[in-house]
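One letter stands for each residue in the lines below.
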Amino acid sequence: MPSLISPLTSLANPTRFLAFSARVLPWLSAATVSLFAVGLYFALYASPADYQQGDTVRIMYIHVPAAMLAMGCYALMAIAALGTLVWRHPLADVAAKSAAPLGAALTFLGLVTGSIWGKPMWGAWWVWDARLTSFLVLFVMYLGLIALWRAFDDPSRAGRVAAVLILVGSVNIPIIKFSVDWWNTLHQGESIFRLDGPSIDPSMLAPLFVMLAAYAVLFVTLLLAAMRAEIFRRRVRAVELVAAAPPSAAQPALQVTP
Amino acid sequence: MTHLGYIVAAYLAAAVVLLGMVAGVLLDLRAQKQKLARLEERGMRRRSEVPR
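Chains A and B, in that order, are what the protein sequence lines are. 116 is the number of the first residue of the first sequence in our numbering; add one for each residue after it. 360 is the number of the first residue of the second sequence in our numbering; add one for each residue after it.
No wet-lab data here; the hints were simulated from the structure. The beta carbon of each residue, even a glycine, is placed where N, CA and C say it ideally should be. Just so you know, not all the hints are guaranteed correct.
[To be verified] Listed next, the stretches of chain B that the computed footprint assigns to chain A, with coverage defined by at least 3 CB atoms under 8 angstroms from CB atoms of chain A:
(1) 362-372
(2) 375-384
(3) 393-402
[Claimed, not checked] Computed cross-link-like contacts, SDA-like style, restricted to lysine to any residue with a CA-CA straight-line distance of at most 25 angstroms:
(4) A:Lys292 / A:Met319
(5) B:Lys392 / A:Ser125
(6) A:Lys234 / B:Lys394
(7) A:Lys234 / B:Ala368
(8) B:Lys394 / A:Ala262
(9) A:Lys234 / B:Tyr370
(10) B:Lys394 / A:Gly169
(11) A:Lys292 / A:Leu206
(12) A:Lys234 / A:Arg138
(13) B:Lys394 / B:Ala374
(14) A:Lys292 / A:Thr248
(15) A:Lys234 / A:Met183
(16) B:Lys394 / A:Val332
(17) A:Lys234 / A:Leu159
(18) B:Lys394 / A:Thr248
(19) A:Lys234 / A:Ala340
(20) A:Lys234 / A:Ser306
(21) A:Lys234 / A:Ser271
(22) A:Lys292 / A:Leu338
(23) B:Lys394 / A:Glu355
(24) B:Lys394 / A:Leu339
(25) A:Lys234 / B:Val376
(26) B:Lys394 / A:Thr130
(27) B:Lys392 / B:Gly402
(28) B:Lys394 / A:Ser306
(29) B:Lys392 / A:Asn128
(30) A:Lys234 / A:Leu339
(31) B:Lys392 / A:Ser271
(32) A:Lys234 / B:Leu363
(33) B:Lys392 / A:Ala127
(34) B:Lys394 / B:Leu371
(35) B:Lys392 / A:Leu206
(36) B:Lys394 / A:Leu282
(37) A:Lys234 / A:Thr300
(38) A:Lys292 / A:Val332
(39) B:Lys394 / A:Val227
(40) B:Lys394 / A:Ala340
So here's chain A without its partners, still in its complex pose:
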């Protein structure tokens, strides 16, 4: 499929990626704001209260997208890790490193909003059931990966080590997803992506999908911006390395104008 592969491979060049992301970021930002405006209108006002939970169900519109994006972010990092180790794609490691803090923040948000939702519904802020515990493990993994990237001076070396750890940790994603099926959990079972169709009423499902789209577009927007920052950070490092090199080594490469 040369028509699809060609634009993707051309984006492997960081300079081309910077130009592409500069063009699309304003559009993505506008789409994010629009989707959140529509989503929040339905989530807080135009969608009905649940017949059992009442208005507390409105927490679902911010909790479920955060949890899904937190897992999706890790899946994306696993693909990027393959890109780093197998194809040595120049932007794969940049993407994984830039995604990790976003994934950690979304996982934290999923844990906090889930806890706030759990207290009035279950009578407890926290229970050590399989879904909650495996999701907490995801948060710890994100923090570990962020710490790992910061422990190395050389970003490409850090990227290879982190890629291995990401792939090892990716076993947790299906555990989180299927934990409600494999074990008896207090957390409710799958209610959206089911073989026999969603068990949520369309009047609540539609706003949920709008909020999911809002979170997803926000994530893509922030990921592109964070990747730009990471590329600039690596360019700063490259310039500083050239400047710090001994004069004989720097002579042919470094050009310092008065």
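Since the structure of chain A is already known, use the hints to place chain B on it.
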């Protein structure tokens, strides 16, 4: 059964975390751009940018 306090707390938490993510990324992006611009103003270039 509205549990208004829990709903407000959850939405506030979401606002703080999501706006924090936006602020964190934008501040980092601006800082890195400024750092690179300062170095380039002093005439420093990456190896690949030096004309041969």
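Each hint tested on the structure:
1. 362-372: Coverage by chain A holds here, the residue count being 8 at a Cβ distance below 8 angstroms.
2. 375-384: holds (count 7)
3. 393-402: The restraint on the stretch 393-402 of chain B holds, since 6 of its residues have a Cβ under 8 angstroms from chain A and three suffice.
4. A:Lys292 / A:Met319: holds (21 angstroms)
5. B:Lys392 / A:Ser125: holds (23 angstroms)
6. A:Lys234 / B:Lys394: Distance of about 46 angstroms is beyond 25 angstroms: violated.
7. A:Lys234 / B:Ala368: holds (12 angstroms)
8. B:Lys394 / A:Ala262: Holds, at about 23 angstroms.
9. A:Lys234 / B:Tyr370: holds (15 angstroms)
10. B:Lys394 / A:Gly169: Since the Cα atoms of lysine 394 (chain B) and glycine 169 (chain A) sit roughly 52 angstroms apart, the hinted pair is violated (cutoff 25 angstroms).
11. A:Lys292 / A:Leu206: Given that 25 angstroms is the threshold and the Cα spacing comes to 28 angstroms, the pair is violated.
12. A:Lys234 / A:Arg138: violated (44 angstroms)
13. B:Lys394 / B:Ala374: The given pair, whose Cα atoms are some 30 angstroms apart, is violated under the 25 angstroms limit.
14. A:Lys292 / A:Thr248: With Cα atoms ~12 angstroms apart, lysine 292 (chain A) and threonine 248 (chain A) stay inside 25 angstroms; holds.
15. A:Lys234 / A:Met183: holds (21 angstroms)
16. B:Lys394 / A:Val332: With Cα atoms ~28 angstroms apart, lysine 394 (chain B) and valine 332 (chain A) exceed 25 angstroms; violated.
17. A:Lys234 / A:Leu159: Answer holds: lysine 234 (chain A) to leucine 159 (chain A) is near 20 angstroms, not above 25 angstroms.
18. B:Lys394 / A:Thr248: violated (41 angstroms)
19. A:Lys234 / A:Ala340: Roughly 36 angstroms between the alpha carbons, so the hint for lysine 234 (chain A) and alanine 340 (chain A) is violated.
20. A:Lys234 / A:Ser306: Holds: lysine 234 (chain A) and serine 306 (chain A) sit about 20 angstroms apart, inside 25 angstroms.
21. A:Lys234 / A:Ser271: violated (44 angstroms)
22. A:Lys292 / A:Leu338: holds (23 angstroms)
23. B:Lys394 / A:Glu355: holds (11 angstroms)
24. B:Lys394 / A:Leu339: OK: lysine 394 (chain B) and leucine 339 (chain A) at ~19 angstroms, within 25 angstroms.
25. A:Lys234 / B:Val376: holds (20 angstroms)
26. B:Lys394 / A:Thr130: Given pair lysine 394 (chain B), threonine 130 (chain A) holds - Cα atoms ~17 angstroms apart, limit 25 angstroms.
27. B:Lys392 / B:Gly402: Holds, at about 15 angstroms.
28. B:Lys394 / A:Ser306: violated (48 angstroms)
29. B:Lys392 / A:Asn128: Within the cut-off at roughly 18 angstroms; holds.
30. A:Lys234 / A:Leu339: violated (36 angstroms)
31. B:Lys392 / A:Ser271: Measuring from Cα to Cα gives roughly 21 angstroms; hence the hint holds.
32. A:Lys234 / B:Leu363: holds (13 angstroms)
33. B:Lys392 / A:Ala127: Holds - the C-alpha atoms of alanine 127 (chain A) and lysine 392 (chain B) are around 20 angstroms apart, at most 25 angstroms.
34. B:Lys394 / B:Leu371: It is violated: about 34 angstroms lies between the C-alpha atoms, which goes past 25 angstroms.
35. B:Lys392 / A:Leu206: Cα-Cα ~18 angstroms, so holds.
36. B:Lys394 / A:Leu282: Answer violated: lysine 394 (chain B) to leucine 282 (chain A) is near 33 angstroms, above 25 angstroms.
37. A:Lys234 / A:Thr300: With Cα atoms ~16 angstroms apart, lysine 234 (chain A) and threonine 300 (chain A) stay inside 25 angstroms; holds.
38. A:Lys292 / A:Val332: This hinted pair holds, its Cα atoms lying about 22 angstroms apart.
39. B:Lys394 / A:Val227: Status violated; Cα separation ~35 angstroms.
40. B:Lys394 / A:Ala340: Holds, at about 16 angstroms.
Of the numbered hints stated above, those contradicted by the structure are hints 6, 10, 11, 12, 13, 16, 18, 19, 21, 28, 30, 34, 36, 39, listed in ascending order.
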